[in-house]
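Chemist: Chain residues, written in single-letter form:
Protein chains: 2
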Amino acid sequence: MKFVGVDIGGMSVKVGIVDENGTILTKKTAVCHPDGDENAIVGEIASLIAEVIDQAGILKRELAGIGIGCPGSVYDEKGIVRYSCNINFRNTPLAQKIAQLVGIGNVRLSNDANCAALGETLFGAGKGAKNSVMITLGTGVGTGIVVNGRLLTGNCSAGAEGGHIQINMGGRKCGCEKQGHYEAYASATALIAQTLEACRKYPDSLLAKLVAEEGASGKSAFEAARQGCPVAKRVTSRYIKYVGMGLVSFANVFYPETIIVGGGVSNEGDALIKPLQRYVSRNVYGAQYNPPIKVVAATLRNDAGIVGAAALCM
Amino acid sequence: MKFVGVDIGGMSVKVGIVDENGTILTKKTAVCHPDGDENAIVGEIASLIAEVIDQAGILKRELAGIGIGCPGSVYDEKGIVRYSCNINFRNTPLAQKIAQLVGIGNVRLSNDANCAALGETLFGAGKGAKNSVMITLGTGVGTGIVVNGRLLTGNCSAGAEGGHIQINMGGRKCGCEKQGHYEAYASATALIAQTLEACRKYPDSLLAKLVAEEGASGKSAFEAARQGCPVAKRVTSRYIKYVGMGLVSFANVFYPETIIVGGGVSNEGDALIKPLQRYVSRNVYGAQYNPPIKVVAATLRNDAGIVGAAALCM
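Chains A and B are the protein sequences, given in the same order. Numbering-wise, the numbering used here puts 203 at position 203 of the first sequence, and it's gapless, one number per residue. Each number in the numbering used here corresponds to the 1-based position in the second sequence with 1000 added.
It should be emphasised that the hints constitute simulated quantities derived from the structure, not laboratory data. Some hints here could point you the wrong way.
Distance condition first, Cα-Cα at most 27 Å in a straight line; then the derived DSS-like pairs of lysine-lysine [claimed, not checked]:
hint: 1; chain 1: A; residue 1: K294; chain 2: B; residue 2: K1078
hint: 2; chain 1: A; residue 1: K219; chain 2: A; residue 2: K173
hint: 3; chain 1: A; residue 1: K78; chain 2: B; residue 2: K1127
hint: 4; chain 1: B; residue 1: K1078; chain 2: A; residue 2: K178
hint: 5; chain 1: B; residue 1: K1178; chain 2: A; residue 2: K274
hint: 6; chain 1: B; residue 1: K1130; chain 2: A; residue 2: K78
hint: 7; chain 1: B; residue 1: K1209; chain 2: B; residue 2: K1241
hint: 8; chain 1: B; residue 1: K1060; chain 2: A; residue 2: K130
hint: 9; chain 1: B; residue 1: K1027; chain 2: A; residue 2: K178
hint: 10; chain 1: A; residue 1: K173; chain 2: B; residue 2: K1178
hint: 11; chain 1: A; residue 1: K173; chain 2: B; residue 2: K1097
hint: 12; chain 1: A; residue 1: K130; chain 2: B; residue 2: K1209
hint: 13; chain 1: B; residue 1: K1178; chain 2: A; residue 2: K78
hint: 14; chain 1: B; residue 1: K1027; chain 2: B; residue 2: K1097
hint: 15; chain 1: B; residue 1: K1130; chain 2: B; residue 2: K1097
hint: 16; chain 1: B; residue 1: K1274; chain 2: A; residue 2: K178
hint: 17; chain 1: B; residue 1: K1294; chain 2: A; residue 2: K178
hint: 18; chain 1: A; residue 1: K209; chain 2: A; residue 2: K178
hint: 19; chain 1: B; residue 1: K1274; chain 2: A; residue 2: K127
Ranges between beta-carbon positions, derived for each pair [as the list claims (entries may be wrong)]:
hint: 20; chain 1: A; residue 1: D204; chain 2: B; residue 2: R1172; range: 50 to 58 Å
hint: 21; chain 1: A; residue 1: S281; chain 2: B; residue 2: E1077; range: 21 to 29 Å
hint: 22; chain 1: B; residue 1: E1077; chain 2: A; residue 2: A50; range: 43 to 51 Å
Note that the coordinates shown come from a computational prediction; the quantities given were computed from them, not determined experimentally. We put the beta carbon where it would ideally sit given N, CA and C, even for glycine.
Make a model of the complete structure from these sequences and hints.
Modeler: Laid out in structure tokens, this is it:
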């Protein structure tokens, strides 16, 4: 059985044909014009889907469905994009429009982070798990949660906003204006802020020099730590503890087989994952009576969105 | 269709016959001897089940199954009680034993707090909801979570330990020895500690006098607040904020239709529920775009366990 997976981004749209094992048979990326007219954007996406189906030499009736991942607030059950910061969609019945334009009835829609989590769980870093939590450490902290093989979305698909659990009463201000949220401590943005604070406090540190030369990024502290800078080591180990605190909260609620860490910061690999694994194993409730929870880095990278979107139809 | 619901407690066992609407047709309670031999306890439970079936004048083949709620660590899928603080069960295959003794094949088992949450969601305070979170404010903070009409249990039923999400970095010590957990702020035990702290700080307050006369309980602060004591009002409003913080974290992850508040403290009714509702509505993520989340007090009280256990078979 074959499926179409569509991963809509702010800058580009990716479309792939995916088989039931999560293997991408063919794929294509096109530039997206997110500020354009709603119907123009939908038309571009539909054309790209048709093109990829053609290119793969597959008949429409061989396709079991089209799955679409889209950034923003998505109402999965109704196939509607309520709004998106990056794309000019407002209460857009995207699933229905694509079904009409492409001529395939079974079109499913979900948030792009949810799709990535589903893809990683079923076919990537979480393969074999029935329950998983994926966090994406980027500008914010995204969460995608799989319970018994199905995405957790909540009423009207408004849930899975795990970046906004509170981990520190009265603490740092989050992007959403509330205080003490996970995202305000564990996002790449937060790591950069923590890095800059350390640079101001220790202007003679190797970290401060590196940041002065290259500018601050989510990599700066990890890089300086690798070069032996004690200030940077304190920054990274505190940051990892912050990330771990949220993971332990998720673990105590979901007790998944696997926690998957994605997003830019996850490129640090073992320097991030190994201490996170230790932190989770040491702090999860009831660990002595239950199988360990594996903490792993995402593996599908840029393909997770296509594969996970296709998996919405599986 | 009829079902048997069994609610095992540390002091007593309750058994009821429940119909598909969650109505208890007949029920009976018996004293439990939790320190006895494992087989003796199981035998007592089986006898009580047989007695209630007899008493109701129902044939075994009219019963679709037996559901059992048991305190402690329960492995739902295997029907095993791994351990229980209050009852002498250790890796006890309770479902299988009851099936053999009673002669009904379909026996389901879950944690008692999970059963109460399922009962309240399907037939009590959450009736009509597909997604709910129930918190029980007692000695600890129990959580039972329903996602799409099904209990969330996690791998090996080790999840739903929402009392142990972290809400305050480095904060108060929890019963599990870790710091800053929800339970350490929101349980009735925590409320009593907060009450006693206020009494020590304000020995001339009405609250301190009331506690000196009657001893401290989870009711003291609410009672003194009702009598106008400003110290008690500060205690209750801070406590309600603590409870609300956890609820908002759950709301952001699950976005349920309903949050159900049970346990001893929930007897305070509107004095607790109304400010909690305001706190959740004001702080949940994306509230402006989504339907409101209702915060309600549990309504089934002592029957929630029987009804919810029966619902395991529905």
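Chemist: Return the numbers of the hints above that this structure violates; sort them in rising order.
Modeler: 4, 8, 9, 11, 12, 13, 15, 18, 19 and 20
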